[in-house]
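Engineer: Turn these sequences into a full structure, and let the hints steer you where they fit.
Protein chains: 2
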Amino acid sequence: MAADTITLSLDQIRELALTTLKANGCNDENASAVAETITTAERDGSSSHGLFRLPGYVASLKSGKANGSAKPSVSRPKPAVVLVDNDYGFAPLGIVAGRDELIDAARSQGIAFMALVNSHHFAALWHEVEPLCDAGLCAFACTAHTASVAPAGGKKKLFSTNPVAFGWPRKDQPPVVFDMATAAMARGEIMLAARDGHDVPLGAGLDANGNPTQDPNAILDGGVQLPFGGYKGSAIALMVELLAAALIGERFSYEATEADNKDGGPARGGEFILAIDPSTTAGEGWLGHSEGLFGKMLAMDGVRLPGDRRYGNRAKSQHQGVAVPAELIEKHNALSKWTCQ
Amino acid sequence: MAADTITLSLDQIRELALTTLKANGCNDENASAVAETITTAERDGSSSHGLFRLPGYVASLKSGKANGSAKPSVSRPKPAVVLVDNDYGFAPLGIVAGRDELIDAARSQGIAFMALVNSHHFAALWHEVEPLCDAGLCAFACTAHTASVAPAGGKKKLFSTNPVAFGWPRKDQPPVVFDMATAAMARGEIMLAARDGHDVPLGAGLDANGNPTQDPNAILDGGVQLPFGGYKGSAIALMVELLAAALIGERFSYEATEADNKDGGPARGGEFILAIDPSTTAGEGWLGHSEGLFGKMLAMDGVRLPGDRRYGNRAKSQHQGVAVPAELIEKHNALSKWTCQ
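Chains A and B, in that order, are what the protein sequence lines are. 1 is the number of the first residue of the first sequence in the numbering used here; add one for each residue after it. 1 is the number of the first residue of the second sequence in the numbering used here; add one for each residue after it.
Since the hints were derived computationally from the structure, they do not count as laboratory data. Warning: the hint list may mix true and false statements.
One copy or two, either will do: identical chains are not told apart, so a pair holds if it fits within one copy or between any two.
Derived pair list, reagent style DSS-like, types lysine-lysine, alpha-carbon separation capped at 27 Å [to be verified]: (1) 331 to 316; (2) 156 to 296; (3) 157 to 262; (4) 262 to 22; (5) 22 to 71; (6) 296 to 157; (7) 62 to 22; (8) 262 to 296; (9) 262 to 65; (10) 171 to 296; (11) 331 to 22; (12) 296 to 155.
Structural biologist: Below is the structure:
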C-alpha cells in the first residue's frame, strides 16, 4: 500500500472533503463541519477516521438517511444539561453548535453534559474532548453506533465498539487525551487490516462459528468483535450504551442496527459529552499538580502520555502533508470530480 | 481454609465490627457508618472488603492517622458540585453525610458530582453507587489510594488499583452495578490469594525484577500490579487519578504513598462520585427502554448482568449468615474482646 499513495496537504484534504460533501448533498455549514473533522483526523494520523470515512458520509447523504442541511437546535432542559437535537445531520455540526453552551454550563454549574441526539456520528471522539480541554475543562465523551461486539462471555453482537475519550488540560501544552474503542480493536482498524491483508491479534474477535480468529474478514463477515480486557472492558462498553443511548433517549447499538438502512454510512445514534471545571475543587496551582503526575509517567521507561503520538503526527503533517492511498483519492474523484492539483 | 470458618449472622458481623471500632477509637457515628459498610460487604460476598479490612481500620485509628470522631462538613461551591470535607475520617460517614445533597443537586441541575476529600477509603465502591441508583439516578464513582500498579509499558508503581463503579437503576429490581479495579486484579484479591496460598493469573503483575509472575507474594513484596486490558485499562486508571485526585485537589496515589504512615490502614485520599438524573433527557418509559438492553444480555448464553452475583450472595446471606475465617474472628477478639455468642 505504502508505494501507492499520494501526498496531500491539509488544505488539499479539506478541499477534497468539502468538494465531495457539497457535491453530494451537504450545505456549506454541514460540509465545513465534517470536512474539518476529516482534516484534523488526517492531520493527527487517524487515517481510519479521515478520508477513509468520506464514502460512508456520501452514502448516507445519497440514501437520504442523513440530512445534509441539518440545523441543530440547542436547549437547556436543566442548568447543567445541554440538549442538542442534531436534526438528523452528521455529528460535527451539532457538537460545534452546542459547545459554547456546554462550556458555559460547566463553568457556571461546575459540571455539565451535552446530550446529542438525532445525529449520525462517524468520527473519533478526541475532536469533542480537545476543544473542551482547551477551554480549561476536564472532558469525557462516548458514543454508540451499530452492534458489532459481543458482551464478555457471549458470542453474539450486541454492543458497538463504543468508544470513550477523556481529556485533561495542560499548561501551555496540548491536553492529555485518550480516545479508544472499548472493543479490543476499533472497527476502522479491523477494516484497514482487511483492506491491507493483515492479520489482527487474537482476542480481537470471533468468527461466524464463535471461534477465536486472526482473520479480519472472518470477524467482519458474520463474526463478532470482542471487548478489550474481558469482562471489565465489557462493563465499560455497557456503561457507554447506557450513557450514549439510555440516558439521552437514543438508540442502543442493537436498535440502531435494526433501524439502519445499511447504506455503509453512520447509523443514527446519540453521544454523551461531559465537561467539568476543575477550578471549582482542584485548588490553587492545579495545572501544576497534574504536571507532577505526568512527569512521573514520562520519566518511566516504556510509558507515554495518551495523545502524544497524535500530537507528533500533527507536528509533522502541518508541514509535510499526509500520504493518502491513491485508490481512496480516485474513489473521491468519482464522487466529486475533485482532482488533486 | 473452608473447614476453619465460623458462620456469623449479619447482625453478629455488624456487632463485631461496631464493638471493635468503638473499642479502638471510633465514636458511635463513625463506627456505625464503617460497620454498615463492612456488614453489607460480607452480606454481598465481598469478603476482601469486609471483616478482612477491620484490622486495617483499627491500625489507622491506633496510629492516629484516621480521625475516629470525624465530623464531615458538606458545602456546595457550585450548583452541581457537592464538596464533602471528611475531617480525616473514614469514607463511609462522609459519603452518607453528602448523599442527600448530591441527590438534590443531580435532580435540580440534571447532573452533579461529590468531591470527597480529607478522607480514608478502604471499601468497595458499589456502596456509593447503589443508593444513588435506588434514588432513580445513574451513578459513577472512583477513588485512588496508594501506588501499586505500573502504567502500561512501565515497571514501577504509580497508580493505585483505582477502582471504578457504575450503576443504572432498574424498575422493581436492584440496579445494574459494576465495581472493579482498573488493575487486572483487586489488591484485596491478591492479598487473599497470598493468604490462602493460591497462584494468580498471568497478567496480574510483575515481580521485583519486572518479570511476569503468578506468585501473589512476589507481586505484593517489591513487585507491581498491572492494569487490566493493557494500555486501554491503563488509560482508565489515569482517568481515575485525574478525577479522584487532580480534579478535587487530593493526593495522587504516588503522593499518598509518600505521605502515608504505612500503618496498614487506608491512606488519605479523595473520591469522585457522579450522579445523573436520567429523567431530564431519557424520555418517557426510560426504565423500560434499558430493560430491553438487559433482556438482550440475559438472553445470551454465558452473559450475566454486573451485580447479579452480589445480589445472589445477598439473598443467601440474609438467611444463612456468612462463613468467616476463624482466624479473622480471633484477631478481632484480641482487638475488641468481642466474642461470638
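Engineer: Look at each hint and say if it fits the structure.
Structural biologist: Hints versus structure:
With identical chains, the CA atoms of residue 331 and residue 316 are at most 27 Å apart within one copy only, with a shortest distance of 26 Å there and 63 Å across copies. Proximity of residue 156 to residue 296 under the C-alpha cut-off of 27 Å is restricted to the inter-copy arrangement: shortest distance 10 Å between copies versus 42 Å within a copy. With identical chains, the CA atoms of residue 157 and residue 262 are at most 27 Å apart within one copy only, with a shortest distance of 16 Å there and 47 Å across copies. In this assembly of identical chains, residue 262 and residue 22 lie within 27 Å of each other by CA distance solely inside one copy; the values are 22 Å within and 64 Å between copies.
When the C-alpha separation of residue 22 and residue 71 is checked against a cutoff of 27 Å, the pair qualifies only within one copy, where the shortest distance is 16 Å, while the shortest distance between copies is 63 Å. For the homomeric pair residue 296 and residue 157, the shortest alpha-carbon distance between copies (10 Å) is at most 27 Å, but the shortest distance inside one copy (40 Å) is not. Within a single copy, residue 62 and residue 22 get their C-alpha atoms as close as 12 Å, which meets the 27 Å cut-off; across copies the closest is 72 Å, which misses it. Taking CA atoms no more than 27 Å apart as the test, residue 262 paired with residue 296 passes between copies only; the shortest distance there is 22 Å, against 47 Å inside one copy.
In this assembly of identical chains, residue 262 and residue 65 lie within 27 Å of each other by CA distance solely inside one copy; the values are 10 Å within and 61 Å between copies. When the C-alpha separation of residue 171 and residue 296 is checked against a cutoff of 27 Å, the pair qualifies only within one copy, where the shortest distance is 16 Å, while the shortest distance between copies is 46 Å. For the identical chains of this complex, residue 331 and residue 22 are intra-copy neighbours only, at 16 Å inside a copy versus 75 Å across copies, given an alpha-carbon limit of 27 Å. With identical chains, the CA atoms of residue 296 and residue 155 are at most 27 Å apart between copies only, with a shortest distance of 12 Å across copies and 40 Å within one.
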